[in-house]
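So the protein lines, in turn, are chains A and B.
full-length UniProt numbering applies: residue 1 is where the first sequence begins, and numbers increase by one.
full-length UniProt numbering applies: residue 1 is where the second sequence begins, and numbers increase by one.
These are calculated hints, taken from the structure and not from any lab test.
Treat the hints with caution; some may be incorrect.
Said to hold, decoys possible - Here are some chain B residues the structure puts well away from chain A; computed CB gaps all over 12 Å:
#1 Gln53
#2 Val128
#3 Lys150
#4 Lys152
#5 Lys173
Stated by the list, open to error - To spell it out: a stretch of chain B is covered by chain A in this simulated footprint if at least three of its residues, at any positions, have a beta carbon under 8 Å from a beta carbon of chain A; those stretches are:
#6 1 to 13
#7 35 to 46
#8 93 to 101
#9 109 to 117
#10 174 to 188
These numbers were taken from a predicted model, which means no experiment stands behind them.
Even for Gly, the Cβ is constructed at its ideal location relative to N, Cα and C.
Number of protein chains: 2
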Amino acid sequence: MIKDLIARNRTFRRFDQDAKISREILEELIELARLSSSGGNLQPLKYILSCDQDKNDLIFPYLKWAGYFTDWDGPVEGERPSAYVIMVADKEISSNYFWDHGIACQSILLGACEKGLGGCMFGSVDRVGLRNALKIPDRYEIILAIALGKPKEIVVLEEATDSKNIKYWRDEKAVHHVPKRKLQDILLN
Amino acid sequence: MIKDLIARNRTFRRFDQDAKISREILEELIELARLSSSGGNLQPLKYILSCDQDKNDLIFPYLKWAGYFTDWDGPVEGERPSAYVIMVADKEISSNYFWDHGIACQSILLGACEKGLGGCMFGSVDRVGLRNALKIPDRYEIILAIALGKPKEIVVLEEATDSKNIKYWRDEKAVHHVPKRKLQDILLN
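Extracted from the complex, chain A is given alone in its bound form (with noise of 0.2 Å):
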């Protein structure tokens, strides 16, 4: 049922190190991607995987982890993401891609899910960082990055009581939860 796999589908931030992907997997993730929706069919998104551990500690630098857990500078050495995903959009193709980012950001993550791995989209990214670090061609828009692991953290969805507090948390065992609006609250009808 897809429903189990949406809501095992959390974000995580917090991963084995050790547990490596390999880039056929990132790959598998892609095709889902590609195999997914796009405005006008133009497919304007590409991607750049990273899967060894120096391309990794490139990357790592340039994402802001967790914006509501000021005092966390994301994971440490050992529980950091395996893989990374960056997706682009090839403006030699069209600088608007709609709502494509969000539907491969889903399909890559869902599959992932189904592996037994997760993952965190980071749209605040140091774009000028990344783009030297990894050499991105200005034809390329940086959108976002996808830092991909097995989870090393437990993610529980609850209840949002008061419709203007709905910053996650974590508690004193460090179980991170995540208040979701109720259904009659996002429905105008």
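Put chain B on the given structure of chain A with help from the hints.
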């Protein structure tokens, strides 16, 4: 396997209009969007549902069907969608919805596909007309519409042989063909 579902989840534009979709089914699909990831967990997306003929008839005229088919104004009576989801952003929560809309679309449409339904996403919407027809308050930004129904056409994926020519097309038997770029053409390294 999620890959099978993603591959089956094509864009459909002709439906068996007699196959009704209940409000309950629509709410099950929105539940999938609700459980999906949201940037900063802000969850600004909200939904207007339609599954009765009168409301469907109000929505239909404001959608632009199949941009590449200049001689086709959309499905004829009898082949029109049985339901619609109008996705809006609640600007009182946030005017930035990152790529939540794509994530939500993919969750909704994968759920529909699993139920034997199919749909089509519309960014090309007469927003002024639709806002007036449905009396949508200014507080809500109209992001996109999803038409849903029981598909009544065959859609096949094929490999794009020429990277410049990715327009979908219909053959003489009205089978809809969608050329997809090859995996090696969307990987940058």
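Checked hints:
no., hint, result
1, Gln53, "holds (16 Å)"
2, Val128, "holds (18 Å)"
3, Lys150, "holds (18 Å)"
4, Lys152, "holds (19 Å)"
5, Lys173, "holds (20 Å)"
6, 1 to 13, "holds (count 9)"
7, 35 to 46, "holds (count 10)"
8, 93 to 101, "holds (count 4)"
9, 109 to 117, "holds (count 4)"
10, 174 to 188, "holds (count 8)"
Against the hints set out earlier in the document, no violation occurs for any number.
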